[in-house]
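Student: Top line first, the protein sequences correspond to chains A and B. Be aware that the first sequence starts at 1, since it is given in the working numbering, and climbs by one per residue. Be aware that the second sequence starts at 1, since it is given in the working numbering, and climbs by one per residue.
Keep in mind that the hints were calculated from the coordinates and are not lab data. Mixed in with the good hints, there may be bad ones.
[What the hints assert, rightly or not] Below, computed lysine to any residue pairings styled on SDA-like, alpha-carbon distance capped at 25 Å:
#1 A:K143 - A:E167
#2 B:K208 - A:R96
#3 A:K143 - B:L87
#4 A:K78 - A:E65
#5 A:K78 - B:I119
#6 B:K208 - A:I92
#7 A:K78 - B:A121
#8 A:K143 - A:G16
#9 A:K78 - B:P125
#10 A:K111 - B:D134
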Amino acid sequence: MAKPKVATTSLCGCFGCHMSLLDIDERILDLVELVDFDRSPINDIKKIAGPVEIGLVEGGCANEENVKVLQEFRQHCKVLVSVGDCAINGGIPAMRNMVPLEECFEEAFLKGPTVVNPQGRIPDDEEIPLLLNQVLPCHEVVKIDYHLPGCPPSADTLWEALTALLEGRNLELPYELVKYD
Amino acid sequence: MCDRISLTIDGRQIEANPGQTILEAAEEAGVYIPRLCWMKGLSAFGSCRLCTVRVNGRPQSACTQPAAPGMIVENDTEELRQLRRSLIDMLFVEGNHFCMFCEKSGDCELQAQAYRLGITAPQYPFMFPQCELDASHPEIFVDRNRCILCGRCVRASQELDGKHVFGFVGRGPDKRVAVNSESGLAGTDVSVDDQAIAACPTGSLLAKRVGYVVPVGRRRFDHEPIGSEIEPASADE
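Construct the complete structure from the given sequences, taking the supplied hints into account.
Tutor: Below you can see the structure in the form of structure tokens.
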């Protein structure tokens, strides 16, 4: 029987949640026995082949590309999990949500104390994904089935959640595995 | 002395002294009723509604309602857990609670109530309001992003410190905690040792330069839910 597939991605995140997934230590050998990886930064596959049993999404949606990737994940993943505070509440990138986008650009590219930009141009190449006005948590863009908070969620939290979902158990995290920091 | 009052809470018979609130009587009997704006030593405020219980079928805030003979109180029910969850969710989306870098994380009562309820994500959309931060004082800062308007600093400053450093201004979504000086906290007679600073349940009022002194794993709510100190250990075995 083919192994169930897992896909992972980091949207507007720092890859810290993926580092935490690698932090499951020797259990990573069990994980390789349990699942195959579809699209993931771990194998550098850029496009979901699908269908996927479990999708793990790190990071919130800060730009149009994040939204497209998230929609692609929703389309192909039977179970979609928001991993980490950025996916759940926008996290650190969402600190810009209290500042108008125009002011963010001005600070980053024109007025910031360390900016050197003699032409005074704000990058607008079409290769650069357009920023959204605000960073959105994933569940405000698509339906999310489970949330694993933490910055990052601990390796134990990720392992417990993954194994529970793969074995068809109810995902009920013990008190010590639900943390927002 | 008057006779003790007898009432039931979640089917268990408990006793109260006349004048005691439901919350106090329950606490003495080892029953934890979740609360945020209530604090031992301060007058009851009844604003956060987290301690709402059903008394003879009617919702009442346990921190303000005196215990009365024969009361039938419901506290730990699925319905009330859901209501409390909604309240906590609203507090999270109405402010800017970035737990991942907050000095108070692990020691924060708002976060602890969410942990106790097992909340993994709020059910309402985030509002990302614009809030002011006042760092004018050399030893204390006020971060209104994290303020839940519980009024504990307001009451502690008046009732325990004998000052009037904090007060509410504005109404509805514009309501916020103001300080008793136009030049900000630095212009008030607040001191870092004031009870008002320690009374803050979140990271809204904090002493400067002492953040993160307690390592992760040794903070107040790292291993045991808030309220565990009230509930007898045998209760959950």
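Student: Next, verify each hint and record whether it holds.
Tutor: We went through each hint and held it up to the structure:
1. A:K143 - A:E167: Answer holds: K143 of chain A to E167 of chain A is near 22 Å, not above 25 Å.
2. B:K208 - A:R96: Roughly 24 Å separates the two Cα atoms, so the pair holds.
3. A:K143 - B:L87: Cα-Cα ~22 Å, so holds.
4. A:K78 - A:E65: Between K78 of chain A and E65 of chain A the Cα gap is close to 21 Å, so the pair holds against 25 Å.
5. A:K78 - B:I119: 23 Å, holds
6. B:K208 - A:I92: Holds: K208 of chain B and I92 of chain A sit about 21 Å apart, inside 25 Å.
7. A:K78 - B:A121: 20 Å, holds
8. A:K143 - A:G16: Given pair K143 of chain A, G16 of chain A holds - Cα atoms ~23 Å apart, limit 25 Å.
9. A:K78 - B:P125: At roughly 24 Å apart (the allowed maximum being 25 Å), P125 of chain B and K78 of chain A satisfy the hint.
10. A:K111 - B:D134: 24 Å, holds
Every hint, counting from the list given before, is met by this structure.
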